[in-house]
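Q: First to last, the sequence lines map onto chains R and X.
Counting in the numbering used here, the first sequence runs from 230 upward without gaps.
Counting in the numbering used here, the second sequence runs from -17 upward without gaps.
Since the hints were made in silico from the structure, they are not lab data.
Yeah, the Cβ is synthetic: ideal placement off N, Cα and C, and Gly gets one too.
Treat the hints with care, as some may be off.
Claimed, not checked - Capping the alpha-carbon separation at 25 Å, the derived lysine-lysine pairs in DSS-like fashion look like this: (1) Lys88(X) x Lys103(X); (2) Lys88(X) x Lys453(R); (3) Lys215(X) x Lys265(X); (4) Lys215(X) x Lys453(R); (5) Lys444(R) x Lys92(X); (6) Lys230(X) x Lys215(X); (7) Lys444(R) x Lys231(X); (8) Lys444(R) x Lys49(X); (9) Lys444(R) x Lys88(X); (10) Lys247(X) x Lys215(X); (11) Lys49(X) x Lys88(X); (12) Lys(-16)(X) x Lys23(X); (13) Lys351(R) x Lys23(X); (14) Lys54(X) x Lys444(R); (15) Lys453(R) x Lys92(X); (16) Lys54(X) x Lys93(X); (17) Lys103(X) x Lys93(X).
Stated by the list, open to error - Just a few of them, taken from the derived set where beta-carbon distance is under 10 Å, the chain X residues facing chain R: (18) Gly52; (19) Ile55; (20) Phe59; (21) Asp61; (22) Leu66; (23) Pro68; (24) Thr71; (25) Arg74; (26) His116; (27) Ser119; (28) Met122; (29) Met127; (30) Met130; (31) Cys134.
So you can see what is in the structure, the chains are spelled out below.
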Amino acid sequence: MVKYFLYRVSLIPLIILGVVTIVFIILRLSGDPVSLFVGQDATPAEIEEVREEMGFNDPMIVQYGKYLGDVIRLDFGNSMRYGVPAFNLLPKRLPATLQLASFALFISIFIGILFGTVSALKQGTVLDAICSTITLIGQGAPVFWIGVMLILLFSVKLKLLPATGAGGIEHLILPGFTLGIFFAARVARITRAAILDIIAQQYIWTARAKGADEKRVFTLHIAKNAAISVITIIGLSIPSLIGGAVMTEAIFNWPGIGGFIVTAVFNRDYAIVQAGVVILAMTVAVTNIVVDFIYCYLDPRIKLGR
Amino acid sequence: MKAVNGISYSLRKGEALGIVGESGCGKSVSVKSVIRLLPPKSVRISADYIRFFERDILDLSTRELRKILGNKISMVFQDPMNSLNPVLTIGRQIIEPLIIHTDISKDKAKKKAVELLELVKMPDAVKILECYPHELSGGMQQRIMIAMALICSPELLIADEPTTALDVTIQAQIIDLIKDLRNSLDMALIWISHDLGVVAGLVDRVIVMYAGCIVEETLVDDLFYHPKHPYTKALLKSLPCVEGRIDKKLETISGYPPDLIQLPKGCCFAERCKYNSKLCIEKRPELIQVSDTHKVACWEYVKGVKQ
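Extracted from the complex, chain R is given alone in its bound form:
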C-alpha cells in the first residue's frame, strides 16, 4: 500500500511536466507570443525589442529548456500588472478557492445523495419524477446562468443575500450553490442508478431472507455498495469543481485563484495565467490520489499495485 502511494506521488512531477508543456505549446500556437506582452499600439521596433528580451527568438528547444528551468524554480515571470513575480501572488488566494470548492462539494454530496436516494427508493412515484426533473435541470443549466439567476432572485429581488464579495457565511451561500448545483445533479443521477442496480442484486434478497428490516438492508447492504459508484463520481468531479470555481468566482467576484486567473487572462497577464494553471493542476493531482485511496478502502475487491 505504501509503495503504491509513493508511486502515485512520484507521478505528480510528471503530471506537472505535462501541464506546463501544454501551456508552453498553446502559448506559441495562438500566434505570436510577443503580442501577449506588448500593448496594442506597439511599434514593430518595440515588438522586436521585447521579442529579443523575452527570448522568443531563440530556437524552440532552447526556449523549452529555459522555460522548464524557470518552472522548477517557480519562476513564471513577473506579473505585468503588479510587477512582482507571478507565483508570489497566487498561493494566498488558493484558500478562498478551496473554501468555495469545499462548500460546493459538501452541498453537492449532501443534496445529490439525498435526491438520488429518494429517487431510487421511491422509484416510479411522483417523488421520483420530481427529483429526476430537478436533477435534469440542474445538470443542464450552465453555471453562469444559475449564478445570475440566483443573484437576481436572492440579491436583487429578495435582498436576502449579498451578490458579490466574501466575508461571512452569507457571502458563501450563493456562489456555493451556483457551483454545487451542477455537481449535485451529477451525484444524484449516479446515486440513483447505483442504488437501483444494487437493489436488484441477489445478496439483497439474502439479507431479507435473514430477517433484516429495510433500514438495515439499506444502511448495511445497499449503502456500502452504492458508495463505491458515488465516491467515484465525486472523485471525478473534484477537478471539474475546482475548474468550475473559476467561472463562479468571476461571476461573484470571489477572491479566489480562479477569478484572479480569469482577470489575468483579460489583462493578458500571461505570467499569472501560467502560474495559476500549474497550481490548479497540482491541486487536482493531489485530490485525485486522496480519492483513489478512499475508494480502495471502500471496495475490498480492489487491490492496488501489482
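Position chain X relative to chain R; hints supplied.
A: The following block gives chain X in isolation, referenced to the frame of chain R:
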C-alpha cells in the same frame, strides 16, 4: 401470469421434501411466496392459508414475518457468489442473523460463527471470518451460505437449487454435508432441484411440479420405482443410463411447456402426453390420493372416467 397455479402440500417436523421440475415450472416462486421473498410490487400471493406450526403466516405483518426469516425458517440460494455481499467480511455476514434475532454480544456471535463454519467443515474457520466473498471458491461460499442459514437453528431450511451452480464433485460434497446435518439437527428441509438424481438420495418425499401445478407427490422411492404421472415417467425415461447401450438415442419429451400467461383449460401436460384424450384437454385433473402416500393429478387414475 400465473407462476403458481394452485398448489398445496405439507411438511412434517424434521421431514425432507424435494420439489422437482423443469426451469420455469414455479418451484422457486412457490416456495419464495410462502416466506414472501418476492418483490411485493410485482407479485400477488393468494392462498387459503400458509401454516407454520400453529400459526397462519399468510396474514402476518412484514415485521412479524421478519422475526421468522433467518430464525425459524432459513433459505439457501442458488448462486452463492451473488448471494453474498461483496463488501462485507464473511464474519459480519454469518453473524447477521444472530445480531438481528438475538441479543447476543458480537464476540459470542463470532464464536458461534466459528462453530458453524466447523460444522459445515470449513478449514481455517477463524481466518475465513475476515475474508471477503470474492476470495473464496464457489463450494466454500455455499458452505458459508449454509452456515449462515443454520446459525439460528431453524426449524425449516429451504434450499433453492443450492448445488446447481457448483461443479459435480463439489455438489456431492454439499449433498453429503446436508445429509450429515439432517442427521444431527432435527430440521425439516425443502430441497428444490431440477435434477432428479440429486434428490434421490437426499429427501423423504418428492413433489413433481409442471407449469405451476403439482402433478405427482409421493415417497422418494415410489417416485423412482413406481412413477404414475406421464410427465414423471417421461422424466425418468429421459435420464441417461450408464449401463445401457452406448448407441441408444436419448429419450426426450417432445413439445414445450405451456405459456404461463395463457394456460390451457385442461391438463397442462396434455399437449405433450402420450396418453392424452379429449377429457385431458378439456378438463384439468385434480391432485387425488391413489394410495396412502401417493398423489397424482392425472385422469388415467380417476376410476371410470377414461374407459
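Q: Each hint: holds or not?
A: Status of the hints after comparison with the structure:
no. : hint                   : result
1   : Lys88(X) x Lys103(X)   : holds (22 Å)
2   : Lys88(X) x Lys453(R)   : holds (20 Å)
3   : Lys215(X) x Lys265(X)  : holds (21 Å)
4   : Lys215(X) x Lys453(R)  : violated (50 Å)
5   : Lys444(R) x Lys92(X)   : holds (23 Å)
6   : Lys230(X) x Lys215(X)  : holds (18 Å)
7   : Lys444(R) x Lys231(X)  : violated (56 Å)
8   : Lys444(R) x Lys49(X)   : holds (15 Å)
9   : Lys444(R) x Lys88(X)   : holds (20 Å)
10  : Lys247(X) x Lys215(X)  : holds (23 Å)
11  : Lys49(X) x Lys88(X)    : holds (19 Å)
12  : Lys(-16)(X) x Lys23(X) : holds (15 Å)
13  : Lys351(R) x Lys23(X)   : holds (12 Å)
14  : Lys54(X) x Lys444(R)   : holds (21 Å)
15  : Lys453(R) x Lys92(X)   : holds (22 Å)
16  : Lys54(X) x Lys93(X)    : holds (21 Å)
17  : Lys103(X) x Lys93(X)   : holds (15 Å)
18  : Gly52                  : holds (4 Å)
19  : Ile55                  : holds (9 Å)
20  : Phe59                  : holds (6 Å)
21  : Asp61                  : holds (6 Å)
22  : Leu66                  : holds (6 Å)
23  : Pro68                  : holds (6 Å)
24  : Thr71                  : holds (8 Å)
25  : Arg74                  : holds (8 Å)
26  : His116                 : holds (5 Å)
27  : Ser119                 : violated (16 Å)
28  : Met122                 : violated (16 Å)
29  : Met127                 : holds (8 Å)
30  : Met130                 : holds (7 Å)
31  : Cys134                 : holds (9 Å)
In this structure, the earlier hints numbered 4, 7, 27, 28 are contradicted, and the remaining ones agree with it.
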